[in-house]
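Peer 1: Residue strings, one per chain:
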Amino acid sequence: MDLVFFAQDCINGVLMGLIYGLVALGLTLIFGVLKVINFAHGSFIMVGMYVSYWAVTLTGLHPYLALGIIVPAMFLFGYWIQNLLIRPIFIAERDVREPITVIVVTTGMWYVLDNLALLVFGPDYRALSPNPLKGQMLNFGEIFISVPKLYGAAAAVATAGLLFWFLQKTRMGRAIRATSLDRDAASLMGINQWKIFNIAMGIGTAVAGVAGAVLTPFYNVYPTVGIPFDVKSFVIVVLGGLGSIWGALVGGVIIGLVESIGPIFMTSTWTEAIVYGLFLLVLFVKPSGLFGQKHDW
Amino acid sequence: MKRIQLLALSLAMSLMLTSLAFAGPTVKIGNILPLSGPSASVGQQGKQAREMAIEEINAAGGIKSLGGAKIEMLYADSKSDPNVGVTAAERFINTEKVNVITGAWNSGVTYPSTAVAERYGVPYIVPVSVRDTITERGFKNVFRIAAKDSWWARDQFTFLKDMEKETGEKLSTVAFVYENGDWGTGFVTQWKKLVENSGYKVVLDEPYPSTATDLTPVVNKIRRARPDVLMLVSNAADAILLTNTLADYKVSPKVIIGSGGGHADPTFISGCGENARYVFDIVEWETDVNKAGAKEVNEAYKKRYGSNLTGEAVDAYLAMYVLADALERAGSLDPAAIRKALSKTDYTSGRGMIATYDSVQFDATGQNKNAAMSVVQINDIGKGLERITVWPKPARRAGYTPVFPMPKK
Amino acid sequence: MTQNELKRNCLIGLALAAFALPLVVSSPTYLHILIMLFLFAYMTTSWNLVGGFAGVLPLGHSVFVGIGAYTSTVLWLQYGVSPWIGMIIGGLLSAAVGYLIGKPTLKMRGAYFALSTMAFVEGVRVMVENIDMLGPFKLNGPRGLNIPPLPAQEAGFWSFQFATKEPYYYIALTMLILVLALTYYISHSKFGYYLKSGGEEPEAAQALGVNVASCKVAANVLSAFLTSLAGTFLAQLTLFIYPKSVLTLDLSFELAFIALIGGRGSIAGPVIGALLLRPVSEFSRIYFSDTLPGLHLIILGVVLIVVMLYQPRGLTEPLLGLFDRITAGFIRKPQEDTV
Amino acid sequence: MSLLEIQDMTMQFGGLVAVDNLSLSIEKGKILGLIGPNGAGKSTAFNCVAGVYTPTKGKILFDGEDVTSHKPWDLCKKGMGRTFQIVKPFAALTAMENVMVGAFATTDNRDKAAAKAADVMDMLGLGDKKDLKPGAMTIADRKCLEIAKALATNPKLLLLDEVMAGLRPTEVDEIIEIIRTLKAKGMTIFVIEHIMRAIMALSDEIVVIQFGKKICQGEPEAVACDEKVIKAYLGDDYAPA
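Residue numbers (our numbering), protein chains in the order written: chain Z, 4 to 300; chain F, 186 to 594; chain G, 67 to 405; chain V, 781 to 1021.
Isolated chain Z, as found in the complex (with noise of 0.2 Å):
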């Protein structure tokens, strides 16, 4: 019996790690090319959500095929975010390779965003309707496996996936790569660093959107809805290595699996609080993060 639950909190563990790995993915591929933290991507996330809740409403398509609309508009926001506002940063400080200031625009967007939502949509908590995966559960015997979580951790693990391959295999991709490991080699390559930024941006923005549609089907919507996965995504991608594709997953199974196992042995809110601890051991033991590269840190 007790190895029914056990068996059960593992499952769902692993599915929730696999879609908050999902969550920071974008934040991962952000700062591994731009080598900054977007502290705004909560919100980020936050705009992917209503970007779905509003597709999945006004269309009634089934929130998977809302893709094909979330993830251009998601792209196309963050290739304009970075265009707007980060450029000119890197223009200002060319001489930094992590401008700080960047924390605070980021930060400031964060604000602007998480509160223009609650300016337009106001405070409610929306779900999404209609909503052809609610409540849909998988039955083998006592356990029970969630379907909108199964298809997220498996969209999880394709998105990181295709990502994997779009870095690997194609031009842009390696462009990216080569801006990723030293920006002035890749410029006197001729690529220009400001369109790969751009694109980095778009790119991360829109895995947010996926993260967005993935999440919708079992979670509500409204405007501070980012706020829980922004801290929990920084923590993931530490933990996996910042800038490392695998890594962000690994992290998230890591934090999803100590939140499902770690209630049977005490509350969970100090499941919370061993969270963070394992951050900081990571941080002090290996700070690149398990997957993270050295010259990173």
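Worth double-checking, as some hints may not be accurate.
Mimicking EDC-like on lysine to aspartate or glutamate, the simulated pairs with C-alpha atoms at most 16 Å apart in a straight line are [what the hints assert, rightly or not]: (1) F:325 to F:303; (2) V:851 to G:198; (3) Z:137 to F:459; (4) F:325 to F:548; (5) G:256 to V:888; (6) G:256 to V:877; (7) G:256 to V:891; (8) F:435 to Z:145; (9) V:808 to V:854; (10) F:594 to Z:145; (11) F:377 to G:269; (12) V:839 to V:800; (13) F:377 to F:317; (14) F:439 to F:349; (15) F:346 to F:303.
Output of the computed footprint for chain Z on chain G, the stretches with three or more beta carbons under 8 Å from beta carbons of chain Z [said to hold, decoys possible]: (16) 189 to 198; (17) 317 to 324; (18) 358 to 366.
Just so you know, the hints here were simulated from the structure itself, not pulled from any lab data. Note that beta-carbon positions come from the ideal geometry of N, C-alpha and C, so glycine has one too.
Put chains F, G and V on the given structure of chain Z with help from the hints.
Peer 2: Chains F, G and V in isolation, oriented as in the chain Z frame:
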């Protein structure tokens, strides 16, 4: 630096001028509410109810004993932050020279901001903020409309006992699951005191972070503990998440009972849909309350703002009428006079008196001693999911039999 | 008079004006806003020792505010120890924590240091929210601690409670002036030079005999101590503390914003930043929060973005430049003085 | 007596041997030049001496004391001053303040540090640039500033890492002049340099390394004629000064 000083000065001046601009016979009420941040939803409800009440009062001729003085409302956003709440209270009292303050929903904000009002001797009406100690500090200027923690908890247990008697269903185990904020942990302290003499066994005592992104582990603990009664204290987002997850995992204790807050949020039902069915919730007010005028007020509110009144909104609405009544009797804007009038309040009739009980009266601590609770059940009896009053029995909606225990899923 | 003398005289004048202000401004509201302004300028100046001079970005300084607030409050409530003594004890405790947390984290580079300090403050907040009793000390978990206000005649210096705003005003102002003087002294001392050089080019500084890591840790210890004192002050001012009010990321972020808007690493930066940012958030909240919820935070966000886009080094330098240009007309050029 | 003595020093990064069993010594008051093709391990050897890396094997004696795993800041206090191949000025400080950071190694007093810094800057001909920010200085001046910072620490031994790289010939001459002046004052100097003309003109002795190994050591003229050196390194590059 000089320029900045100048800028600050001119800002300060313009502020003073604006406050001078409103002369004439007005009563100023400062309202501190969480209008942005995680509690924005409930803050907005409180604001809307206040607005409607004050417009009605002003339209009906204002405060007659003060020569038909109109009431002017000022709002301040606390962001649920005590420091911001204190600054707002300071500003209301000293700069805006308000006559009365109301607020602040978050106990964490009410607590220090009432202390400010007490220091300056300005009456402070607390429509809702449930922590017991708010009225237990010997303050002379604080008046609370809503019931306090311990009463909510007491009535939840009484409800369970009454229903056991009524239905013959035997309940033996309870689980406490609550958000780990000041509200949740404050509430659960009361439960723990009460449960000792109730004969119930506590099989789970589980706080969870109110910003939790996944409550499946908590739900699994509930599954494992197999309680007869699941008692919850939740904010809106987590109430919805928890209810949906419970349904997903087919967890069906005999009784699920919430403690207002998130369970009373208008979006709770739309966010959970069928999953919310049969959930009990303790509230101070419900749309089906058998009270003269309640329906009209609710209709007016719904027409204006698109949703039903909530317990929180009713307390705010009532608070405005209680205040107007006290001002009428005080016939003066002297704080001492207002305070005296408030303490002698016996508000029994009038448009504002739509609460379940008969009269608002404050005891020596400033607590509305008549504040009473009712329990509702969410169910669909042909008109979609709605909240149906079931307890106390005399207040029960005619013809409705509570589903107790919940059917197994 | 040279430009520098003029500046010095202006500063003295400003300080005197600040001391005389309560004689003119009697409204406790404005005094309260000014007290908070001084307090934030004070905290940011303390933050600046690490965040400005040592060239890293700490986003967890509210930990020290929290330690200060909790230490003095617990000691006062349970043992009747004067908050003034509690303030010092809290400061020492914060210094110790600053050492322990600074030692491993200050070796890390930019982003990692910022994230680790964030995780630290979140971790501490979660812990405190879980702990009702820490050994013999009552922390009261998420419900926080309430300092019962004393009646006016019993309030006073020893209890750090005052019936009026003026004493708070003068305490905050004095704290601010002292910490500014300390910062001035440090930035003109060997330690200050070592910090600044280590913050900019650690390797080069090491080659010049600077033990960069120890300098940063030392700065963190000092900064933790000073920041912690503000925690006690805040607790005595609001008489109520709970984890979400003193141990939050919001507070840590605000300190960093004030410093960055004002200009990191300059002495005037935190004061100018506080003078600009505090009124923006206070007044936009006063005027907009009731009609358009959230608009005041949008304004704050836009101000942050715009300042960073156009003055990424903060506003102190352009403002001082403006001051020079305006005053240049009134005074003789320094060269003419000497020649 | 030798001021600096390196005994069988080896530095390995993972599988890569950057410095292989290197031994050399510098007499007090002399100038030793270290040359070798790109990637020969010169800078690594330098960084081992200056304490940035701890050598995998071998010993470093400074003024008779074993300083093998000492930290850079300790070595500085013991009298070792160094410059960096890529100049690293403290951008937010003025030139004078840059030099004062170095001067603080000898004193805790600000005025004394300022006086010392002023002396050094005057000596190096930076006297009129004290209040400039490094960003506003020419490359040559920034290189000079780098030397000034190191000199302000009152070193017994000065490690110069390609201070002349990227300078115009006239500027190179100026730096050579400065180094000669320092030698005349009794300073011991260890130089890495790419500009052959300069190193030939300055050094009392030259060590040539390739693939981390010493392949030749001797007076400039002797080294210049050494066949191994010519083959390994000088061959195409060397144009008689």
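Peer 1: Output the numbers, in ascending order, of every earlier hint that fails for this structure.
Peer 2: 2, 9, 11, 15
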